[in-house]
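Participant: Residue-level listing of the chains:
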Amino acid sequence: MDFTIPEEIEILRRSLRKFIEKEVLPMEEKADFDPDEGVPQELLKKVRIRSHDLGFWGIDMPEQYGGGGLNTMGTVIMREEVSKYFSSLTQSIFGGPEGPSKILLAGTEAQIQKYLVPVVKGEQSCCFALTEPNAGSDAASIETSAVRDGDEWVINGLKHFITNGPYADYAIVFAVTDREKRARGGITCFIVEKGTPGLSTGKIQRTMGGGDSQCELIFEDCRVPHENVLGEVGMGFIAAMTFLGGGRLNIAAGAVGMTEKLLKASVEYAKQRVQFGKPIATRQAIQWMLADIATELYAARNMVYHTAWRIDQGEMMVKEIAMSKLYATELVNRAADVAVQVHGGMGYMKELPIERVYRGVRALRIVEGTSEIQRFIIARSLLQE
Amino acid sequence: MKIIVLMKQVPDTETKIQVKPGETAISTDGVTFVINPYDEFAIEEALRIKEAKGGDVTLITLGWDKAAEALRTGLAMGADKAVHLNDPAFLTNDAHSIALALSKTLKKLQYDLILCGKQAIDYDNHQIGVRVAEMLGIPHVAVVTKLVLEDGKAVAHREIEGGTEVVETPLPAIITCQKGLNEPRYASLKGIMQAKKKPLEAKKVADVDASPGEVGQAGAKTVVLTLTMPPDRAAGKVVEGEPEDAARQVVKLLREEAKVI
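From first to last, the protein sequence lines are chains A and B.
Be aware that the first sequence starts at 1, since it is given in this note's numbering, and climbs by one per residue.
Be aware that the second sequence starts at 1001, since it is given in this note's numbering, and climbs by one per residue.
Hints may contain errors.
[Said to hold, decoys possible] Calculated lysine-lysine pairs in the DSS-like style (CA-CA distance at most 25 Å, straight line):
id, chain 1, residue 1, chain 2, residue 2
1, A, 84, B, 1016
2, B, 1203, A, 271
3, B, 1190, A, 18
4, B, 1179, A, 18
5, B, 1050, A, 18
6, B, 1203, B, 1081
7, B, 1190, A, 271
8, B, 1190, A, 114
9, B, 1203, A, 18
10, B, 1190, B, 1146
Bear in mind the hints are in silico, worked out from the structure with no lab data behind them.
Treat the numbers as computed from the prediction; the structure is a model and nothing was measured.
Take these sequences, add in the hints, and give me the full structure.
Facilitator: Below you can see the structure in the form of structure tokens.
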């Protein structure tokens, strides 16, 4: 077995590090914003455009649509690397739900050109509108409906917790088109452009992690042309689940990178913080906390890498993706807790970024499938085998 | 315009350098290697000249197998081809031997301009560019922060103590590059993939018409006797007491112990 990371990925990783350290972090320092209030959109866009010029934005999208065509292994290593910084602007290097979305590849060539390509270029951003007040983990129970009227569909309903909702140029919206069939052929995916009559943003939904990028989307007799149906009528739910499955490994990789950064910060602080006449790193209580996180980090990283490698060999890795997402996101929460504990009072202060990371990583056990949903997927797969 | 860049692979500046007892070279265990940062300025300058005036950029390095990675990184930045002096008989840290191997290689190539870093950040010899120029019998300008090319000549700005010297030289010439010359680009994914298809030629001692006795360690003019880590810094001394007495004591220590005043 050869576990060597390919040379081209190492070269790319170094380019990414230089980009972050020479451009993104100085930009963030100069801008001096409070991430809890929200990251200035113009800065996110600036990073996005520059990241596109350097080939990072859309790196895993197909080359014919302006992407980098990078494989899964390379993508997870980049996602890991970009997460090794206490920074808010680095999120705009590869992007999240606002960025190029593989679900759009299910569209027609015209839809891809009109909607996906501008996002791959970093010129536009989108949002993924599935979740509703009564449909979280049970996404098939959404109530937003779409009714066909000639060449148009009329959408009614309420979406919430929609990341980038306030700023998106268009939304990828899921609505029930057949109440009987629901998940089995009764949910359809639509592209709804910003400014379409009947679409409005509701209240901004502030989160524990800070920022202003989540909001409600309200659909009131919102009419969209039939050509804006993404994929086949009724097949939206399956597309959504496939898409979410793909994104989970990136979340796991990000959690691995963040864990490494938290561990490194904790080790450094433990070595220099002197109490009772000695650095706290000389105390077994501290050492064991660090050793446990390091051990789990080793496991989590190898889970993510191995899963990615097998995906690149053409295997379906539903169970292993769920395992990686579950393990890595639970781990980063423990690592953040240890980091706060090792840093003590300083860890709790806003002066250091630790407390913000502690709050931020809590979301990772919930988004794109809660830890419980991941366990459900793993168990289902075990019981079917 | 044919531009050649002489470059070296060095330990990453963030690497923690270690020397094993009795060894005369640093330990390479767990060390990541990068292009010498001053050579990156040389590569960037070469690429900018090529983009402005046309031509091609050839990279040359002397080093172990792994140095090919640095060449491929340079190719990924946009250079056209690379030459790797890859033969155990080339390997040495001696500036004379390395410069001789490089100059023998260069004698078989065409060039209008040769660029390299002002120094490599590992052994800090500051020798290669200057020595190669002498061996080739062409002019050099060292520690350059601005370079303007005109017909058959170059105008180079170089840093000197307290000012800037502007030097004109006919081409071909060797320019050694200093920080401030430019901001090197990063290798992009596209560039990295294209680099895989670019020519990277490995050369042995015989390929550059050198005899084994004159290059590498055999041809070295210097010998590294020992290599040791700097001693750990001793703990500082805290002077206590009333300010007046303490100040007197500090002055006494500076004069008698530290001997700096």
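Participant: Run every hint past the structure and note whether it holds.
Facilitator: These are the hints, each one checked on the structure:
1. Pair hint residue 84 of chain A plus residue 1016 of chain B holds up; C-alpha atoms about 19 Å apart against a cutoff of 25 Å.
2. Proximity of residue 1203 of chain B to residue 271 of chain A is assessed by CA-CA distance (about 48 Å); at most 25 Å being required, the pair is judged violated.
3. A hinted pair counts as satisfied when its Cα atoms are at most 25 Å apart, and residue 1190 of chain B with residue 18 of chain A qualifies at roughly 17 Å.
4. Restraint check for residue 1179 of chain B and residue 18 of chain A: satisfied, since their Cα atoms lie roughly 16 Å apart, inside the 25 Å limit.
5. For the given pair, residue 1050 of chain B sits about 24 Å from residue 18 of chain A by alpha-carbon distance, which is consistent with the 25 Å threshold.
6. Between residue 1203 of chain B and residue 1081 of chain B, the direct Cα distance comes to roughly 14 Å. Compliance with the 25 Å bound is thereby established for this hinted pair.
7. For the hint pairing residue 1190 of chain B with residue 271 of chain A, the CA-to-CA distance comes to about 42 Å; that exceeds 25 Å, so the pair is violated.
8. The hinted pair formed by residue 1190 of chain B and residue 114 of chain A meets the criterion: a straight-line CA distance of about 24 Å does not exceed 25 Å.
9. Between residue 1203 of chain B and residue 18 of chain A, the direct Cα distance comes to roughly 31 Å. Violation of the 25 Å bound is thereby established for this hinted pair.
10. For the hint linking residue 1190 of chain B to residue 1146 of chain B, the alpha-carbon distance of about 29 Å lies beyond 25 Å, and the restraint is violated.
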